[in-house]
Every structure is written in structure tokens, then in C-alpha cells.
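Chemist: If you want the building blocks of each chain, they are given just below.
2 protein chains.
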Amino acid sequence: MSFQSFYQRALTLFKAYPSTSKLLVLSTFSGGSVLVYSDLNTAVTPKDGQHKKKVVVLGSGWSGYSFLSYLNNPNYDVQVVSPRNFFLFTPLLPSVTNGTVEARSIVEPIRGLMRKKGFGFTEAECVNIDATNKKIHCRSKDSKSLKGTSEFDMDYDILVIAVGAKPNTFNTPGVEEHAFFLKEAEDALKIRQSVIDCFERASLPDLTEEERKKILHFVVVGGGPTGVEFSAELHDFLVEDVAKIYPKVQEFTRITLLEAGDHILNMFDKRITAFAEEKFQRDGIDLKTKSMVVGVTADEISTKERGTGKVVSEPYGMVVWSTGIGLRPFIRDFMQQIGQEKRRVLATDEWLRVEGCDGVYALGDTATINQRKVMEDIDAIFTKADKEKTGTLNKKEFNGVVKDICQRYPQVELYLKKKKLRNIANLLKSANGDDTEINIEKFKQALAEVDTQMKNLPATAQVASQQGKYLAKCFNRMEKCEKRPEGPLRFRGEGRHRFQPFRYRHFGSFAPLGGEQTAAELPGDWVSIGHSSQWLWYSVYASKLVSWRTRTLVISDWARRFIFGRDSSSI
Amino acid sequence: MSFQSFYQRALTLFKAYPSTSKLLVLSTFSGGSVLVYSDLNTAVTPKDGQHKKKVVVLGSGWSGYSFLSYLNNPNYDVQVVSPRNFFLFTPLLPSVTNGTVEARSIVEPIRGLMRKKGFGFTEAECVNIDATNKKIHCRSKDSKSLKGTSEFDMDYDILVIAVGAKPNTFNTPGVEEHAFFLKEAEDALKIRQSVIDCFERASLPDLTEEERKKILHFVVVGGGPTGVEFSAELHDFLVEDVAKIYPKVQEFTRITLLEAGDHILNMFDKRITAFAEEKFQRDGIDLKTKSMVVGVTADEISTKERGTGKVVSEPYGMVVWSTGIGLRPFIRDFMQQIGQEKRRVLATDEWLRVEGCDGVYALGDTATINQRKVMEDIDAIFTKADKEKTGTLNKKEFNGVVKDICQRYPQVELYLKKKKLRNIANLLKSANGDDTEINIEKFKQALAEVDTQMKNLPATAQVASQQGKYLAKCFNRMEKCEKRPEGPLRFRGEGRHRFQPFRYRHFGSFAPLGGEQTAAELPGDWVSIGHSSQWLWYSVYASKLVSWRTRTLVISDWARRFIFGRDSSSI
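Heads up: the sequence lines are chains A and B, in that order. Using my numbering, the letters of the first sequence map in sequence onto residues 1 to 571. Using my numbering, the letters of the second sequence map in sequence onto residues 1001 to 1571.
Some hints here could point you the wrong way.
Here are the simulated EDC-like cross-link-like pairs (lysine to aspartate or glutamate), alpha carbons at most 16 Å apart as the crow flies [what the hints assert, rightly or not]:
{"id": "1", "chain 1": "A", "residue 1": "Lys166", "chain 2": "A", "residue 2": "Asp153"}
{"id": "2", "chain 1": "B", "residue 1": "Lys1144", "chain 2": "A", "residue 2": "Asp187"}
{"id": "3", "chain 1": "B", "residue 1": "Lys1141", "chain 2": "B", "residue 2": "Glu1151"}
{"id": "4", "chain 1": "B", "residue 1": "Lys1387", "chain 2": "B", "residue 2": "Glu1494"}
{"id": "5", "chain 1": "B", "residue 1": "Lys1147", "chain 2": "A", "residue 2": "Glu184"}
{"id": "6", "chain 1": "B", "residue 1": "Lys1147", "chain 2": "A", "residue 2": "Asp299"}
{"id": "7", "chain 1": "A", "residue 1": "Lys144", "chain 2": "B", "residue 2": "Asp1187"}
{"id": "8", "chain 1": "A", "residue 1": "Lys144", "chain 2": "B", "residue 2": "Glu1151"}
{"id": "9", "chain 1": "A", "residue 1": "Lys144", "chain 2": "B", "residue 2": "Glu1494"}
{"id": "10", "chain 1": "B", "residue 1": "Lys1190", "chain 2": "A", "residue 2": "Asp299"}
Some chain B residues near chain A, calculated using beta-carbon distances under 10 Å [claimed, not checked]:
{"id": "11", "residue": "Glu1211"}
{"id": "12", "residue": "Ser1543"}
{"id": "13", "residue": "Ser1547"}
Hints in this document: simulated from the structure, not taken from any laboratory. This one's a predicted model, so the numbers in the text were calculated from it and none came from an experiment. Even glycine gets a Cβ: it sits at the ideal position worked out from N, Cα and C.
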């Protein structure tokens, strides 16, 4: 922004809000003195007359909230745009569906964090990114009291996309209209109310047994952790509470869990899968694997059996869809703009920068890291390493780059771990024998299979929050690292990368299976199933909750449930 | 029900639900033996082959819940029909609007009580009463998962109408569409969300000062306890929380309280009214008395000033309508059926029996007691009292009826209290001097002004719950009192009334005024205003909550608010 335009803008603002002039700062510019007005969303700083870089963050979920919590750089003017003014602790969402935990206990209002950090917040949905003009177009939420929506543009210098994903129905007919999703706080509340509605409806007089059975047939689509946990919670609710409060209709209830794959929880260790499937069978949950949903009507759900191709339709009372990850429409548009239309999700590099678009970062479920293959860069790596230009690498030359290779290409380490090799030197030794010099062919041969270890990170809260934290730490050290880069060597360019690339550390995952039992998969192939892991689950989730407020609330909700049982009021 | 039809019904039911035959009782009828099936809503008792009287209770609010809690007569088959399967502690509803208390903390699921008492519950709305055939027609609630509604009939022997009232818009145009009400739990939740929506909307960029002012103009219609408390709660929220979380728009907020009468809280002592009006003025709440709302559009609310007739329109962000009591449409229809079409609400006698309709009781806000005037019965009273048929009453004769008069006509006692007379004898003395005999003329003269003390009971939770308890106690002693009536003498008939008529005892009322101050009006003209009454309020409401569950939840909500402040998440 030129001085002229800045001056104009300040003046216009001053005219527009004369009464709000809380902050008038007299500052000196190049010999003259002007009034600088700073209020509502203006991105100017009076300090040394420089324009602060405006960072616009889209989203207040795991990645966005974690980014904002760790961001701590006074040189940025941070504006957050999100359609919900709170952070939602999603892992406890299935617990909300049956009233084990209250929805309000697992949300953290974002305004508190904004106030602490001095960031701006706007409750609106981004509907378009104009990457050319560095501008986003937003629309406010619809609300009962305020008719219509308000639309506005917002400029950015840096854009951080952390909008997460939406459920993907794979265009299955009827799903959008008839099924419940389990992604937002409102979804969980709707499910909770609907479960109670089903029991009340089934308790009406003058119904046939078939009608009661239909109404109390709960179908869960998707055998991932969310679907499994929801089924388990629902089963607990039936056994622990419904038996008492709706004794006359309890016998008509049925839970069906549909999974298109061969097994539920297929991202977990096989022991966990087997245990879960067996437990569900024991509990009477009707588990149907290899079943693909092909359509949902108001009364029936149709599934196709993989293999036989047989289509079966069954009456149901309620369907919960918890499978698939879909992109929001404006992200699709944006991908088209930047030439990523063929990708499934937004592709970023290892530094979470969106490929093909300057100044835009993406993290969490909305993006995936397009990891660089070692084999693509192998010639560049060799040339860079071969400082003496001999055509071969000696030990010293090799040692000069080995650390950078490992940092730049995380798959190398994974490969070494898999092959149970201590370090990359051992790998070369296995290819080159005891020869101290290595030529390009041998080098390629040694690293040939390294890229097989490349894996997309799962779309989990754990990945998203680590990415948020990582990016915030980069932003915090931006000025320092611009001057003194601390990343690995640039093999295809000059100098070093500013930062270390993002690296994910898996701390384990949980799959609550109901009946106070949880399956836990911890790093180092450690698997634990049962009541002890349930307590581990309680303590890990209690400690992971973002504030003392949510922690207190969730723990007191758990206590309430132990004492008073779940609440069956249909509000 | 004849034996034949009963037998048929039992058989049909048995065929319809063979698998649910949990309770099969072999019983003997007039020489033969039949299977009697008892399940789902059937009103048969195997004990001595007699048909239990089926009591259908409509509603689960103050009067209904209190009736059900105290009802304890095994000779009734009790079926409850209500569109909500919970009891709502309405006095704390204004606290829900700003998150001081959670909605779930002030509801008590009704299924718990039903289970304890062995009553049946059906979540449905009564849409028609057919008094001739002793039948009600019901419709189930609409729900997202279950398309359509289910309709059914239900027979009754005794009907207890406890459906409360709905807000009355007095046909003011636009109110139904644009205003919020404050009657149900959902209403309070909607208001809570909408208040936050307004603040988020007002915080959007690119708005003019006028737009922000419009969005943050909260209008409350009705200066009764609910409207006043809501205004006070909203003001507290603005001062205590909004100042912190929306500092940039706080200055644009305004609360207007509109009251058609001369004063707010006009049912309270004048000292309370004066204090409240002064406090609101100090707080900056814009109090407009003598203002009648004549119309609401999407953007403006129009009021007419009583006296001048001037109509003023003002832009607003949100309107809360908390005035007027209206009847539900099916009650209106019912009144037409029984010849009460000209009445404002259902009229009952002092025993809560609906006038002109056998076997139907009504209590709470939906009904009013049509108190019998002494002067209407004065001749009958005199004749009854004059046992020796002398045309005058001597002391003995008079003493023989004085207790019955006081019991039958509660206004007598109120009149004596007002006149500061110890008993009715003193009243007669003032009319008759020292004469020991009294004739009809003197008798009439003495009691002439007694009926001026007749007042309709206010439509409050206190009245409703006392009525519920009263009626339950009558029902509990029904058999006993049929044989040995315990009510006052029937002046216009033979014998005694079965029960004492309902008598209301006022235990005081509260009007929370915000800022931890409450006005309390207690029996005996005791008025207390300030922080001490706030603590009285806390303790009375905590003790009045219907269960330990709600008590614990509300107290922990209060504690949460003290520690963490109110939650500003828009869910």
C-alpha cells in the first residue's frame, strides 16, 4: 500500500466512523504529520509506519485453532474467518449423540483466544478465494433474527486454509435428504434428539410390531472410528438407559453397522479389528461388512453386497452416515484456479504451502502433503553432494548431505526403520559393499525403494493439530529464518530451505467400543484393549481438551452420567 | 366397556402382540375363565375383574407434573399425553437465554417419574377433545428422522387438562413471524443463539454505524416478571461478558423494554416497581411504559403511545415477546363444545372441575376458577342455617354454618382480613349491633361486600403446582371421601361436598433485576430488594427444583458461570 492510498484509506475510515475513534495516534511520516486511525479490521500499524502483513485464517477447527494458539508474531495482523465462533473437540462428538457429554462442554468459544492474542474474528463462511487479487469473498451466517445474509470481501497477504472437510455422500441418492451426519456439534445434537424421538414414536399406541421394529432400527454407515464409536455409544444407551425408561419397546431395537470394506476399523491393528468385530457380535450389533449403500429413501436403505452384487433393502428408523471426506465447493473452485482440478484434495509441499499458489497455506483435512520423491531428485542430490566433481561420492562428501537427505525426505527414515537399518550409511553399504566411493548408479540402486514408504497422512485431529502447531512455529520464526535458514539443503536450488519440513509424530489412536472398553493403538505396535484403556482414554482426552473450562465441564459431565444416567429429554 | 367388548379387545391385542405377552393373567369372570392381557396402554386390571378408571392427563408442565408426582391411587390407570417428554422448570428459563444456566439442567425427563409411578406416557399433542364420547384425538410430534406424523384416539374416564397456555400476540401483525417467545426450552435456546448471532453479525466488516446499532438493538415486549428478568439477564450479559468478547461493538448495544401499562412489574408492590424502574434507568435500559406494539416488520417495530396515540417505528435486531396468555386451539374448540365459548379461559369450579362437562378437570394457566359468589347463594345459605325455621338465625344456628361458609367461599376470609375483623361474628355484629337474632336482610347487608374480594388467581407456576398437588390429593382420597365427604355443607343441595375446595396460599414472588439483585415480595407485605434477596432467590429456586439431578446441575451451572463466565459459542 502506497503512502498516498494509505492516507486516503485512513481518512475515509475516519469519516465513516467519527464516533468510534477510540484510537487516534499522531505519527510522523516523512516530515509531515498525519492522523492514523486504527479500528475494526483495518490492517495498519502505526509503528514505524509499516504495513503489517495480513494473515487471514479460514476455519476454527483442529488445524486452525492449533495454529492460532501457537501463533505469536507481532508482525502479523491476524484475521480469522469461520462460520462457527468456537472450536469443537471432535473426538468426543459421538459421546454427545447419547448425552454422555454435553455439546457445550466440548466447545471452546474462539473469542476468548482472539482477545488474548489480539486477533480479529469474523463469523462468516468463505465462499470464494481470488488468488490473483489476494482476496476472499465471504458470506455471513443466516440467522433467525437477522434476515438475509451480509457479503463482503477481505484482502490478505497470507492465507491459511484450515477449513476441514465435509461428509462425502459419494452422490448416493437420498443420503443428503434422509441421513444424519456426525461432523458438527449441531449434527450430534440432532442425532441425540432424533434417537429419543424414535423411542417416543415407537411407544405410541396403535402401532404394529413391524412398525415399532422399523422405527427402532438404527443404521450406521461407515466402520471407521466415528461410526464404530457411535454404534458402541448407542448400544450402551440402549442397554444402560433405554431398558429402564422405555422398557416396553426395548426388545424392538436393532443397530446395524454397514461397512463397504472387509473389516471395520481397518486402519487399526488386526487384533483390534478382530476384538471389535467379536465384541459387536456379542453385543448383538448387526455388523455387515462388504456392504455398500446404494440408496436411501424415506423408509428404506438399500445395500449392495460386494462380491455377489445382491441388493437388499431394509426398513429403518434412522440412518447415520459417517464415512467419506469431501471438499467444500469453494476449495474445489480454488483448485481449478490453481491447476489442481485433478486432485482429490488440495496439494501442498512439505512446508504446507499450497502448490502453484504463492502465499497460501493449507492444513488439516482439506489438504494433503504432496511428498517429494527421492528418485525425482536423485541426480540433483548426487550432483550437490559431489562437491569435488569426481563423479563419485566419497565418505566425507556423503556425510555432508546425509542429514539433509533424511530431513528433506522423511520416507528415508521410515524405510530404514522398516529394513531395521541403523542409518543411511548401512543402506549404501548393502548396495555398495565395502567400496568407499559410490557412483550415481549404485546410489540410485541403494535408494530405489525408499519412495515406497511414502504414505499420505490420515485425516485425523492429531495430524491437523500438529500441522497447526508446526505452521505457527514457522510463522513465529519467519523473520529469523528468512535471514538464517534452518531447513535442509536445497538440492535443486541454492542455499537452504527456511524451515524443517513438517513431520508427523503418531502418538497412538483410540477406538472406544462401548461398555467402558476401549481399544488403544500406541506407538511401537503396542495394542491395549479393555477397561484399562478406557481409563487411559478418559485421561488422554481430558488432558487434550483445550482449556480448563472444557476440561472441567467434560469431567463433570462424565460424573453426572455416572451418577444420574443419561438425560432422555427430547430437547 | 361391556364384558363382551372388553373380551374382544383383549383378544385382538393378544393377536396383535403375541411376542410381547409379558403379562398374562388368568382371571375368573362370571363362571368362565378368560385370558386377560395387559400391556401397552391397555386400561384393564386383573384385580377382582374390575375396570380401572382411566385417567388421561394432558400436559407435563407445572400443574401436570405436580399432579402426577403426588398422585398415588392404585385404582386409576394413568396415561399422560404431552408433546414434550420432560418437565421444564420455567422460572429459570430467562437464565437459559444468556447461558447462566443450561437448558438441560432445568428439565426433568418425565419417563423417570412414569417408571416410578407405573404410569403410561405418550409423547403426542392432543388436538381434539370429544367430551361426548370421552375420547381425545392425538397427533405425534414431527421429527427429522421419521417422516409424517402418527394420529390416534385415546379413551378416558377422567380427563385432566393441564396443558398451560401459549403466548398471545393479540393478533399484532408480524409478531408471529419476527419475534421470539420465551415459553419453552427451545425458545430460550433460540434466543441464546440469536443474541450471539447479533453480536457476530454486528462485528462483520463493511457495516455502517447505523447498521451495527440496528443489529444490536434488543427489544423486549412486556414488563412482567419474565420480560423484566430477561432484560436484566441480557444487560448483565452485555456488561459482564460482551464487554470482554465483543469490545469493538459493545458501545452500539441498546435494550428497550416496552410495556403497555403505566408501570413494569405491576402485579408487585409499588416499592418494587419503583426500585426496578430506577435500576433499569441507571443501567441504561430504555424503559418505555404506556407503549403498545402495533406491528413488527423484518426491520422495524412500531409502537403506539397510549394517551397521545403517536406511532413510532424503530429499527431493531431482535424482538422478544413475553406478554399475553393465549389458549391452545383445541381448548378453544372444547370450550365451544361445552358452551364456554364466551369465556377467556376454561372455567372450573372450586374443585377444578370444568363447568358443564362431567369427568373433566382443568388446572394451571389453561383454566381459571369461577368462584361462587356468596350473594348468589345467600338465600340458600340462610335457609340451610335456619334449622328451626324461625326466619331468623340465633347464635347456635349461625355457629353451625359459619365454618362451612368460610370454607365454601374463600373470599369471606380475605374480606375479614382486609377489614381487620377477627371472625365472621364480628362482621355480623357490625351490621346487627348487639341483637342476638339476625334476619335475612341484616344477613345480606353484612355479607354484601364480601364478594368484592374475589380475584382470579394469577397465571403462575406457584398456582399451577398447588392446584396439581391439591387435585392429586383429592384423587388419592377419592374412595374414602365418596363414602365420608370432608368438604363444606352443600348450601344448595343435600349433604356435604366431597372435598374442601382448592385454596391458594401465596408464598411470595421474586423478580430478579440483574446485577445479583432480586426483588422479593413475601407474604405479610414483606418486601426485600437487593443482594440478600438474590441469595434467597438462589436458595429457594435450588430447593424448589424437582429432583436432586436438576438441583445438582443448576447449582453446578451457577458455579461454572461464576468461574468461567458465560459461553459465547453460537450453538
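Chemist: Each hint: holds or not?
Modeler: Hint check results:
no. : hint                    : verdict
1   : A:Lys166 <-> A:Asp153   : violated (24 Å)
2   : B:Lys1144 <-> A:Asp187  : holds (12 Å)
3   : B:Lys1141 <-> B:Glu1151 : holds (10 Å)
4   : B:Lys1387 <-> B:Glu1494 : holds (14 Å)
5   : B:Lys1147 <-> A:Glu184  : violated (23 Å)
6   : B:Lys1147 <-> A:Asp299  : holds (8 Å)
7   : A:Lys144 <-> B:Asp1187  : holds (12 Å)
8   : A:Lys144 <-> B:Glu1151  : violated (30 Å)
9   : A:Lys144 <-> B:Glu1494  : violated (60 Å)
10  : B:Lys1190 <-> A:Asp299  : violated (30 Å)
11  : Glu1211                 : holds (9 Å)
12  : Ser1543                 : violated (18 Å)
13  : Ser1547                 : holds (9 Å)
Of the numbered hints given earlier, the model fails hints 1, 5, 8, 9, 10 and 12; all others are met.
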